[in-house]
Amino acid sequence: MPHEIDQDFLSLPLRALADAALTRARELGVEHADFRLERVRSQNLSLRDAKLIGTHDGEDTGFAVRVIKDGTWGFASSVVLTADEAVRVAERAVQVAEVAAGMNAERIELADEPVYSDVTWVSSYDVDPFTIDAADKVALLAEWSNRLLSADAVAHTTASLHQVKEQKFYADTRGTVTTQQRVRLNPTLEAFGADPETGRFDSMRTLAPPVGRGWEYLTGTSWNWDAELAELPSLLLEKLKAPSVEAGTYDLVIDPSNLWLTIHESIGHATELDRALGYEANYAGTSFATPDKLGTLRYGSQIMHVTGDRTVEHGLATIGYDDEGVAAQSWDIVKDGILVGYQLDRRIAKAFGYDRSNGCAFADSPSHIAIQRMANVSLQPAAGGPSTEELISGVERGIYIVGDRSWSIDMQRYNFQFTGQRFYKIDHGRLAGQLRDVAYQATTTDFWGSMEAVGGPQTWVLGGAFNCGKAQPGQIAPVSHGCPSALFRGVRILNTTTESGR
Amino acid sequence: MSTSVSSDPTLQETVERALSLSQADGCVVIATESSSANLRWANNTLTTNGVMLTRSLTVVSTIAGKTGTSAGVVSRSAVSVDEIDAVVRASEAAARDNDAAEDAQPLIDGTAAPDWDEPPAQTSIQVFDTFAPALGDAFAKARDSGHRHYGYVEHDVSTVYLGTSTGLRLRHVQPTGFVTMTAKTPDLSGSAWVGQATRDFTDVDPLALAAELDRRMQWSERKLELAPGRYETLLPPTAVADLLIYAYWTMSARDAHDGQTVYSKPGGGTRVGERLSPVDLALYSDPAYPGLQCAPFVVAHSSSSAQSVFDNGLALDRTHWIRDGELTALATTRHSAELTGLAVTPFVDNLVLDVPEPQGSIDDLVARTDRGLLLTCLWYIREVDPQTLLLTGLTRDGVYLVEKGEVVGQVNNFRFNESPVDLLRRFSEAGATSRAFSREWGDYFPRVAAPALRVPDFNMSTVSQAS
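Heads up: the protein sequence lines correspond to chains B and X, in order.
Quick note, the first sequence lines up with residues 176 to 677 if you use our numbering.
Quick note, the second sequence lines up with residues 30 to 496 if you use our numbering.
Just so you know, not all the hints are guaranteed correct.
Derived coverage of chain X by chain B (criterion: at least 3 residues anywhere in the stretch with Cβ under 8 Å from a Cβ of chain B; other residues may be distant) [unchecked claim]:
# : segment
1 : 41-51
2 : 303-311
3 : 328-341
4 : 439-446
If you are wondering where the hints come from, they were derived from the structure by calculation, not from laboratory data.
As the structure is a computational prediction, the values presented were derived from the model and not from experiment.
Don't be surprised by glycine CBs; every beta carbon is placed ideally from N, CA and C.
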């Protein structure tokens, strides 16, 4: 059964404050105003060696008014939920627009969107994690930690669980009113060990992705925790004893648990139109995938099909309507290896000549302005495509990479370097034990151009992150990326110990 | 502009009320108000802006039980007077639910600080009254020269009130401001960056920053291609800050003791006492460092390996992490200090590197360079190997080739793989310590002073086509 929006959010003075703010903004002669009231509930638990070391229970409630006055943005926010304050915040937003007008050379206009006069949306989950006693959550994480600690190879463990319930009310001067609620979880366990002979230490982390699900995710829905926890200590032990990789060029089979992050960095961020137009040049960076190349840039091999969506069930960027009242959509970003689409908000869509935004506006808190943030950007599997084992069987000398770890990419999204949780040598089509000290380094279009095969739907996993950063002031956003396993030919592998000069 | 809301209790009243409602064995209350204003621009025009007012209340309840003392922490934004009770009760319920806390210690005793009764300090958009028009002038000049400007300016003033059931009442006002500016050629192939942290913008001169961008844009008129490899490299203070902040953030004594960081001694324990650099350098934090002043007491909203809610209000003083080249301290709580046998030295919110007998500014180092690279800043720094603290990242917005003491052109960007701890061992020359705003981390850790460093063999692992 779909959930309803919590009554204690609906009973906040949502409409009264929106009316007060939007009425005042209209009186002050704005071309556009929107009002957003949010409550973001969070709970973080962390354990070390199966003992609780910290809990934090937070709630961030507030509202913001964004206006366009004489073609210039103005934004103001507050945490005082009264109609008088809503009026003052509307006035402050207009005042900010007036101060800013002297520096503005581009008239701000928004792409049109149908009016949604009073709509609600709730994400797909069974059990609201905030209805579960914290003691029960800690007990479960402690029990899982103890399973890991009982193995000889494991010297220490950490466990953490981040939970968020996000409630948003939005109203604008066109008449759109949306009320939404979604829930997400990020559970992580990590086992640490050392090899007494070499003094080498290392760790191995669970692969379970963060998801837009409820407490049921911790009790068996969609993830087999027992199986993952059971194999972690032996995987760590094997890694500690593994030989160091020989740097060089290898064929790679990359598991979805690693590939999602490469997609995020080299496709997700590169196809944000605000970045491609230079709006992030002072901070997050720009993009090599500039708009003049739309429809012609060969991003990758012919089999590469990448979509953007805010609709996939349990996706972390999934929503009913974005923070500008645009309905959630899905669209192609790379088709047959060619760049065909971008991620948009209403202002960028209008400035570039699109008829409509594809709904990527998001603000991470009631005190931040909505900006273009990432949709769920996903690599599509091949219908009837191979299994991961079949992909591995086609590799003579290569490496199979599982789990994400270190990530870094340049400000134009060309050059990247990633590591992982574990790396298996592939010898004549078969796995031949773990390697360590592995990093893969490539240029985005070379890398995706070397993708020879993608796995079938049976290999597809929805990965993701809670903490994607962008903009100034800094905002973080949750986002999912689905992908199959995939085979890449001839990728540069570094030995990270050699890189450190040892 | 007014942001006062007369019907609400003051933050001090909120703290006192929460403490008086507490039925726990111990209670810490932290009330914070922050106001901030920002302007952001791109392509010579303003893009976004805003003014924000936020408030938060954190209540830590501690309950003594048979096996020890447990803690519960609840934070809420914008708490009205009738909601304070609910926050206190929720925090007590969390404390009762939780097992005994490993980091349990007696709460810090004390009395009210002299400034306790002072109201919160605030900022507003008017803090940019002289900056904004000057920026408009810079845009106009840039349009004439064909350059494109991108940037961001922010001012934030946070006031924290911290009270404990053991009598302590502390107040701290933290002004934080910074400006970062990027200029690019119209074809975006040449790029330069400047950044500066400030407390109040009285020391920020936008036209001087724009002039420095112009100087660098002239350097980039000649483009040169260089292959990856190890180069003699000059890191200006901002790039040194990019690397040092990460080395500081990984200084949790507990993590080192548990064998998880570069500061772990193989076989057990920490590397405290070990010489990390042949140079008698000092890496330290000091809440009173001029221009970098920060909270002189612990403010912890949750416990972790490197901070403890039980330590809230604990006085912070000048702390040497490295002295005379030797690792002398790691970040501890009172609990992790006992566990590791180290002194009680919690994290402090600033960082300074001093090298003896400094040799002038970055320009002086350039003048003494026969052939080498001059960096602007580093970007997208991530940990590759915790055991060596090998970091990867990119050079950004200006790598310049220096020949015979002069900049001769702009070089392509590189991906580097380097360990900041190893660089402390390998650098061959240092400039004078000056205020340094980190491109990578400055938005979150703006208070750093560092010298420029010359590294004889900086590892540029591969070329990045980015510009």
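Tested hints:
no.: 1; hint: 41-51; verdict: violated (count 0)
no.: 2; hint: 303-311; verdict: violated (count 0)
no.: 3; hint: 328-341; verdict: holds (count 6)
no.: 4; hint: 439-446; verdict: holds (count 3)
In this structure, the hints that do not hold are numbers 1, 2, in rising order.
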